[in-house]
Structures are given as structure tokens and as C-alpha cells.
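Protein chains: 4
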Amino acid sequence: MGEVISEGDDVLIYLSGDKRWLITVKADKRIHTHAGYIECSSILGKRYGDAVKTNLGRTFWLLKPTIEDYVLKCERKTQVVYPKDMGLIVAKTGLASGSIVVEAGTGSGALTMFLANIVKPNGHVYSIEVKEEFLDVARRNLKRSRLLDYVTLSLGDASQGFGVSEADAAILDVGDPWRFVEAAWRALKGSGKIVSISPTMNQVEKTCEAMFRVGFADVECVEVLVRGLQVKTGATRPATRMVGHTAYITFARKVLGGEKTLKEGVAESMDVVSDEEG
Amino acid sequence: MGEVISEGDDVLIYLSGDKRWLITVKADKRIHTHAGYIECSSILGKRYGDAVKTNLGRTFWLLKPTIEDYVLKCERKTQVVYPKDMGLIVAKTGLASGSIVVEAGTGSGALTMFLANIVKPNGHVYSIEVKEEFLDVARRNLKRSRLLDYVTLSLGDASQGFGVSEADAAILDVGDPWRFVEAAWRALKGSGKIVSISPTMNQVEKTCEAMFRVGFADVECVEVLVRGLQVKTGATRPATRMVGHTAYITFARKVLGGEKTLKEGVAESMDVVSDEEG
Amino acid sequence: MGEVISEGDDVLIYLSGDKRWLITVKADKRIHTHAGYIECSSILGKRYGDAVKTNLGRTFWLLKPTIEDYVLKCERKTQVVYPKDMGLIVAKTGLASGSIVVEAGTGSGALTMFLANIVKPNGHVYSIEVKEEFLDVARRNLKRSRLLDYVTLSLGDASQGFGVSEADAAILDVGDPWRFVEAAWRALKGSGKIVSISPTMNQVEKTCEAMFRVGFADVECVEVLVRGLQVKTGATRPATRMVGHTAYITFARKVLGGEKTLKEGVAESMDVVSDEEG
Amino acid sequence: MGEVISEGDDVLIYLSGDKRWLITVKADKRIHTHAGYIECSSILGKRYGDAVKTNLGRTFWLLKPTIEDYVLKCERKTQVVYPKDMGLIVAKTGLASGSIVVEAGTGSGALTMFLANIVKPNGHVYSIEVKEEFLDVARRNLKRSRLLDYVTLSLGDASQGFGVSEADAAILDVGDPWRFVEAAWRALKGSGKIVSISPTMNQVEKTCEAMFRVGFADVECVEVLVRGLQVKTGATRPATRMVGHTAYITFARKVLGGEKTLKEGVAESMDVVSDEEG
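Chains as they are written, first to last, in my numbering: chain A, 3 to 280; chain B, 3 to 280; chain C, 3 to 280; chain D, 3 to 280.
The hints are simulated quantities; they were obtained by calculation from the structure and are not laboratory data.
Hints should not be assumed to be uniformly reliable.
Identical copies go unnamed one by one, so any copy, or any two together, can satisfy a pair.
To be verified - In silico BS3-like links for lysine-lysine, alpha-carbon gap of 27 Å or less: (1) K191 / K75; (2) K191 / K48; (3) K75 / K55; (4) K208 / K28; (5) K234 / K79; (6) K208 / K31; (7) K79 / K133; (8) K133 / K31; (9) K28 / K133; (10) K48 / K133; (11) K191 / K21; (12) K75 / K21.
A quick note: this is a predicted structure, and the numbers were derived from the prediction, not measured.
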């Protein structure tokens, strides 16, 4: 009935809604909230799922953090990919335990954490970032979520090559993804998936062009909208506010063959993309 | 540069858009399409990502099926969960290799396949279905996608118990999920995630009530909308048609404690759910 | 090239985005903004469309308020109907100059203003409100937008009757619209349109039931989502935030005939509504 | 209780859902449907809202067509603007009885009908179309809906001028709206509204650029999504399918002043448009 919480474990202290804190248990720590404080010593020996009371008598739950909690609570220097988008990336790439992934644009490492959690323990994520300060943040986030063992972080320009071959998927989370499409092609195995994440439609246009030119088929671009439902018996309704846009996500698969074959095969694909809606 | 395709391998024969076929390679088989036929013998020895031509000269790509392809091409007797919803379930539960999952309502086994692919090789999915004919379909789908080893299928009424304890997640994909909430609570470990998938708001109301009553906190209900972007340089626009609704997905986490604690803690959560929008 | 602005005219002082003020020109008034002040005397004699500078040298435009500006800037005691929803109501009811409309639930009068603007100068809106304090607000809003001549405001319970017959449309903007459906039926002419505006699905269920029971056909319920596009050459993207929900809007048309005919005709309609999606 | 239906009147024969027919009553006509036929002679003398039975005993309602029915049932040679988009155009322009509107791109005249219905009887719509065959269709649609008196249709290139001045609104429903922005500016009065309707983001980019350059402020671009709610007591849910995209609609207001003023004022507006989301 729940793992016992020990010194050094992570706990999500949960009150309600956005009122939640991700902490690491240290016997001599005191957690302050607007609803009173909790002594960490009172958490030790409890189980995940148990309740604890603040000095003011408010009930908090001690939850075991999931990867989503680590993502939402991570230290961030950049706009991070949303869980809704991360989920679709896993669903459409087929990434699973054992997969090899390359990533251009580590940023704060949020997506890197999520990917590492999926491919562990036998897979690996190779992530390249051009800004050293972002790498430091990402390293801290990966360490905290205990996923650093499944990730290799490198400083550099991934458009010059990922230093990996036969990868199952290549993720581009950079401002100019079209510049990285060729390096992604070289890093992937045949039929491997490329994924590009961009907020503007102009980025998508350039990236799709590059994909068709370099040798990718089954190009598909989508956006994900998540809307909350506010559930109250007899008064259930969609939430008043929602996130209107985070990014377009473009998916495609690496194809092989000489230039002539590529042209013929890709022409078939493109025809369809452009004719579909008349 | 791509695995070599051998007798018995699965291949996604891809032309464009919806024109794609999931086949198992048998040397003496011939694949018929509206754009001509392909001899399977001509596929043997090619690599995933290679092209092949039909007798009419049309170029097809030989792609390695992902879990999404198996889901979209699976044999179905029931409405199956969409990849967009599957992705969010993984993102929000934190399921990964090694996780233990229980599922009420195997249906055609599409979601079961997806979950098995995420938890393999060390995790396991225990799925219970009340209709024998659905179990047969699910078994065939799991076998085809080579995931049956990671799944235990049972005939029965999961509301009487899943026969498992300390599970990481419990998935309810049935018409009356509120009846299964208590069995899910017993099957889960403390802080474990429950997920309920239902098309109507009335089902969601009843299920959320049951969750609060039985002992779940952090209850959240959402719907996922995916919209395609039709990319054509200089004429990019959202797709004309889209899926308007599949299901509401409700997430929550098991909490422990006597009745009094539950009431106090859950009251805090409920307050917020109902007050959030005023 | 633009009407000349005189004493007593309304002007929308526009800087950018949300920075806009709806004022009535009075020669001796000074308009204060975060970007400096403007003397009203400097506006007199200018034309709508002209620019004016603040004492700090910032350029503001002098725009002629539209009905949307009056709605967005109206004094409000209640949640007001959004322009997106108002537009659909006009499009689907066919309201136009000369139409007769009854409204239950004047609220702050925002929708009343909008309807009056459409039916003027020969049509009329009869609006009934149960709270006197709301009527006072509505009266001020209608007066300011110069639409009070086309509206009759009454204090009372519209469920007891609108005191009007042969209306073209009946609008229900109340918390319990099902209670007003019969009075709306009596106020409408044959084939006249009823419109009900409600945030929750539970209200919609009860209201649709009442409509079928009382004698309405062609019942249709929708929600309207408006998403902004953030246009910047080379970096165009949907807006980050959007309104996720305001209200469901239900439309139907009054039908006649004895109880038996109603039952038969409505049964046909209901069959379809419920079977459509299986 | 409902107007009496006479020879030559239009009637919407309504069964359920999409099963509805817009007819003109002629005593000797017989209306055939999949559910049997109706003799028009049996409709004469009935009132709008009454029921009629087919020879097979199915109940149909006799409804009075609204402008939406005329739009949805109009003869069409082109993609027509949807009611959802028409509604927003009226809501955001403030068009009402007496308004003067110019339109570039009559197409099949669906939007023209809708605008004429709003501005009648004292306003007018001047619509210019470059293809004679479209004008013929539009003329028939306007005649059928009895709105031709409020519209002047012309063959020509509206980018050369609308031949009107002091218009309240200018509507661009053409493939290259940026070419018409200057002519629209000349046709409008100061502070008058321009509206451009385009399916692609690239068209929107070019049109917004032209608006800022020519002299428009308060530029805003949106898209409207309408989703049906399938109401069934105890099983209410959003509709499975929906229209994903029709068009982006861009709104702005004409501003005056020399080149220098325009630059200063517009720079303020543009700053905000581009900075809003960071």
C-alpha cells in the first residue's frame, strides 16, 4: 500500500489545483506554504499517498512525482515543450524502452527528460545544445529526475552532425529546424522518424521543404489543443481559459534510394499533401 | 542504413496520405493496390526505407511499422482509443518501461498494445474484458504486434477486482467506469494513477464523484483536439476537416488515510475544482 | 472623408491592442492615459479616423465606436454574452431590421444592445429581467449606445409570459432556461426561433428536453471558439492564449399542431439527433 | 399564430437533421423525398410552423426560411462563406440597417445575401466580381431570397476602385486581397471597417502588411471554430466530426493623416501586435 518515503526521496506535496510543490525530503527541512508549514521529519516513514497536516491543520497529500511533475516543475531558461505535445511525439514515433534518440536543442532539458524516461533503461538520448548555460540547466533537471544516466549532453552545432547513426528518432527543437534536417537524416536508420517542433507556420513551411528535399516521406504536421472540463455534478462545463497554441509538430520518416527514386516517391507524397483539400 | 527485410517481417507499404498497407512479408505473396501490384519476393533483402515499384511503375516506400501503425491498422470490433489520447495518457501517468498497469475493458486491444509497448520488456499489462469475442480480437492484435508476452488477458468483470496489487496505473475504458473505481483503488499502489476514458460528460460526472468518494486526489479531466496543418509553401492552412471529439480523459491519483482524512483532503481538492472559474 | 466630431459624440481613443478608451467628448474634459493626456478640446472638429497626440507625443487614433466597442466597454454587473456568440445568434436566427425579439434575462444589457442595433429602426426588443439593479445598468448601457428607443425593459418573471405575441425570436439568457421555454413558445410566431445561452451541459440537456416537449423542431446546440492569429511577416502563429468556453448556444424553431402531431414530428427529429454519431 | 402560406411563398420542408428542402410553393407541384412525396396544394393555406404528412405518413414541418437557410441552400459555383464567419463579420463591423457596404468578390453571392439582409431596407451593398458566370449565379441567389433590391452587382476589377465613397465597411473575399486594400481605403469613410477573408496564413500576412502600409489601424485576425453538442439526456457529448477550418478573417479600421502620422500611429499598433506573446 505505497512505498515508504525516506531521506532524499522526492515528494509532490499536493493541496489542490496549482497548489503543489515538488520537494526533496531532508529530515531537518521545513516546507512553507500559504496554508502553513510542514516539517519534513513528519514525512519520513509515511507512504506515498498518505496525508500530512500543516501546523495550521490543512491536509496535504504526499504524492510520488511522475515525469509530468518533473517537467512542469523543472528549472527553465527556455520555453519548454508541453506534456500534451510530448505525449503525441511518443505516440507517433513509437519510441519505447531501448530506443535511440538524437535531439537538436536541449534547451532546459524538459523534453529530454521525458524522452529518457521512455527509452530507459536500455535506450539512450543524445542531445546537443549550442548554449552552454542551457546545458547546465538541463543537466540539473536530468539529475534531479534521476535520468542523467540515459542521456549524453553535448555542446555544439547539431546541424554539423549528431555523431550517432542508426537512431530510431531525431527530434528538432530549435528555431531554424530546416538547417538540421540533413544531419537528422544521416543520424537516423532507414524508416526512422524525424520530429520538428516550431511555433510559427513559416518555420513549418521551410522545414517541410527541407524534409522532402533531403529524403523523408509520410510528412504530417499537426497541432494539439487540450481543453479542460470543469466537472461539478449538475454544472459541468469546459474550462473558461485554455492554451491556444504552443507549437506545430511535424513528423516524417527517413527514406532511402538514389536521387531519381526520391524525386519520384516524394512527388507522389507531395501530390497528395497539396491536393487533399482541393 | 536500415535493417534488411526478411520473410515474416511486417512492412508498411506507403504510397501517400491514407494509401498505406500493413503486410507481413511472405515470399510467394503478391500485394494488390489501386496503383498496381508488388511481388513480396521483390521486397525480401531490401531495407526499411527503400523504395519498390509496382508493375505499373508507381513508387512505394517500405517502412517499418511503428506502434501507431499497428494501432491504426488493427482489427477492430469496438471504437478504439486514438493515438492522440494514448499519448496524453502516457505523458500524464508517467508510464515507462517496468510499469505495472491494469486495464478494465480490453476491447479490440488497441490501447493495450500501446501500453504494452511502453512498459515492455520488464513491465506488464493486466487487461480484463467481459466479452469473449473482444478478447479474441485483442489477442490477435497483440500477437501480430509481437506484444502478447507483456500482457495477461482475462475474461471477467474487473469491477470485482483486478487480481493485482501495487499497480502503477489503472485504465478504465468501459461504458460505466464509475463501477470500476473502487476495484482500481485496490489494485493501485499509493499515489498510483487512475485514468478513465469516456465520450459523454454524464459519464465523467459520475466517475469523478466515485473518485472523490473512494479516495483519489488531483482529479483532472481534459479532452484532446488534434488539427492537421496542410503545408504548401505560400499556401499553408489548417486542414478543412478534423475529428471533433473522441473522449474525455479523466486522471487522478490514489490517496490513503482513514475516512476522516479523506473527507478533509478531498474537500480541499473539490473546493478548487468547483471554484476555479467562479 | 470622415464625419466631424462634435460636442457630445462618442469616440474610441485607440492606441494599440487593449489600450483603447470609449469616451464622450466634452470640450472641457481631459483624457488621462498611461501614455499621456489629451485635451477633448483638441478633438472637436477632427474627423473620425484622424490622429491626435498626447502631451507626451504619443499618437492615438480617434475611431467611431461600433456596437462591439459599446458591448466590450459597457458597464457590467453580470457575465455578458461575447461578440462571437452574438454574431452566431444573428446569423442563425436571421434577425434583421424590423424583427421583433423577446429576451428573458436582460442582465447588463450587452446582448440587448446588440439585438437592438440589428432590428432598428423598425423592429423592437422586449427584454424582461427579474433584478431591478440589472435593469438600471442595462438602461444606462442602452442609453449610452443610443439604442434605448428600440427596447422595452421590464421588471418581472418572463416565465409567466413575455406580454408579446408573433415575435420573430425569443432569447433566453438565464440560469434556468428550461423554465422559460413555454412562455417563449407562446410569444413566438409559427416557425419563430428560440435561442438559449448556457455555460453548462446540464442546463442544455434540460432545455432541449423542454423544447422537444413544448413544441420546437430543428433543435441544434453548438459552441463557438475564436482563436486569434498573431500575424508577423515570417513569424505568423496562432495566439498563445484563448477563451476556452463561454456558453453553449441552443437554437430551435417553434412548430404547431396538436399533441399527437407534435409527438410524431418531434420523434422524427429526436431519432436523428440521437442516432447521428452511433 | 403563424403566417398563412400562399402560392409563390418559400417554405423549408423539414424532416430532421440534414433532411430539409427549400422550395417555392406552386399549387401543381409535387415534392419528392426519400420519405414519400407531398402535394404543394396541401401546403397552401397552412401556416408556417404547421405539419404536413407525406403519402407514406411521415411528418414534415413547414418552416419559414431564414437567411441562413437561403445561404446553406443557395446555388453555388464557389466556396461560400460559412454562417459562423458571417455572424462574426456582422458582430465586429457593427453593420446594421442603413449601412453602406462594398464587397470585392461576389462569388456565388452567399455573403452578399447575408449582408443585404442586415443593411436593408435603407442600406446598400455594392458588390464587384470579375467573373460574369459568378455574377449570374449571385443574381439568381439574391433574387430568390428577395434581396436583389438592396444590392448593386457589377462586373469588373474592384482593385481599380469600388466607385463608392464613405462606405461603412469593405469586404474582401478574393484570392489576393492585398491587391484590393488601397481601393477599399478609398471607398471607406474615416474609421470604416475593412474585412478580409482568406483560407491561408500566407494571404493573411500579405494582407496585413498592405493594411499597415495603406492606412488601417486596430488590425486583428481570427478564426472561428464551431463545434456541435450532441444532446441526449444522460449521454451528452460533443459531435464526433467538425469543420476544422474555413478561413481566417482579418479586421481593421481606416485611419487618416499624412504619411508621417500614419507611420507613427501604425508603428505603435504594430509594436503591440508583434510583442504581445514575446
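Verification of the supplied hints:
| no. | hint | result |
| --- | --- | --- |
| 1 | K191 / K75 | between (34 Å within a copy, 23 Å between copies) |
| 2 | K191 / K48 | between (47 Å within a copy, 14 Å between copies) |
| 3 | K75 / K55 | within (23 Å within a copy, 46 Å between copies) |
| 4 | K208 / K28 | neither (50 Å within a copy, 40 Å between copies) |
| 5 | K234 / K79 | between (37 Å within a copy, 24 Å between copies) |
| 6 | K208 / K31 | neither (51 Å within a copy, 40 Å between copies) |
| 7 | K79 / K133 | within (11 Å within a copy, 51 Å between copies) |
| 8 | K133 / K31 | neither (34 Å within a copy, 53 Å between copies) |
| 9 | K28 / K133 | neither (33 Å within a copy, 50 Å between copies) |
| 10 | K48 / K133 | neither (42 Å within a copy, 41 Å between copies) |
| 11 | K191 / K21 | between (44 Å within a copy, 23 Å between copies) |
| 12 | K75 / K21 | within (12 Å within a copy, 34 Å between copies) |
Checked against the numbered hints above, the structure breaks hints 4, 6, 8, 9 and 10 and satisfies the rest.
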